[in-house]
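> Sequence:
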Amino acid sequence: MATSKTIGSGEIHAAIERLAAAISTRHGPGRPLLLLGIANGGVELARRLTLSLSQGSKFFKAPAFQATAGVLDISFHRDDIGRHPIPKEFAPTHIPADVHGATVILVDDVLFSGRTIKAALDELFDHGRPAKVELAILVDRGGRLLPVAPDYTGLTLAPGEKEKVTVLLHPKNPKLDLIRLVPAQPGKSGIRHPQSATL
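Note that the working numbering numbers the sequence shown so that position 186 is 194, with each residue one more than the last.
Be careful, since some hints might not be right.
[Unchecked claim] No more than 25 Å apart at the CA atoms, straight line, and that leaves these computed lysine to any residue pairs for SDA-like: (1) K126 x L176; (2) K180 x G18; (3) K140 x P100; (4) K180 x A29; (5) K140 x D159; (6) K140 x A110.
No wet-lab data here; the hints were simulated from the structure.
Given the sequences, and given the hints that come with them, work out the whole structure.
If you want it as structure tokens, here you go:
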């Protein structure tokens, strides 16, 4: 029988710093970026990455450069919308800069089947045509059903088929950040439940 496993805030914060450093190394200063958190799990992560990029990482000696955070609501592009109604707490799409010609980084907490990313791309291209789109993920848990691969990964986990990954990035107290691998409820897959976050 599967048992729960917990990853604490220290390891999570180090993973976020690695993500920011990798993004900074690839793009360098002088190239504005638009980081769009996929609601809801990616919203707080996008905010933190943008803050780290804008200030420059003290851990990896990365220079500061212009980065802007926004939100993508994929509710109406999900292919399971008939089986799973749209939660009332979902954050609406908010894109604070012109998408056309921009370098966009989609941000989410967990990458699993790839269907969420496909829906996010559909939502993004409803708003314009970016020059480039990349993907930053806090946790890659494997199990892809679509040809989707992250450009930046904070943590790689290998939960069992009957386990789900839940991520909590606390918007007010990062010390409470938590990742859990827990047994999935009977009849449900290992897809995590999105966490609420505000930008």
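> Decide, hint by hint, whether the structure agrees.
Hint-by-hint comparison with the structure:
Distance restraint check for K126 and L176: the Cα-Cα separation of roughly 23 Å lies within the 25 Å cut-off, and the hinted pair is therefore satisfied. For the suggested pair K180 and G18, the alpha carbons sit about 16 Å apart, so the restraint of at most 25 Å is met. Proposed proximity of K140 and P100 is supported: the alpha carbons are some 23 Å apart, at most 25 Å. The hinted pair formed by K180 and A29 meets the criterion: a straight-line CA distance of about 23 Å does not exceed 25 Å.
Distance restraint check for K140 and D159: the Cα-Cα separation of roughly 12 Å lies within the 25 Å cut-off, and the hinted pair is therefore satisfied. About 7 Å separates the Cα atoms of K140 and A110, which keeps this hinted pair within 25 Å; it holds.
Every hint from the earlier list agrees with this structure, and none is contradicted.
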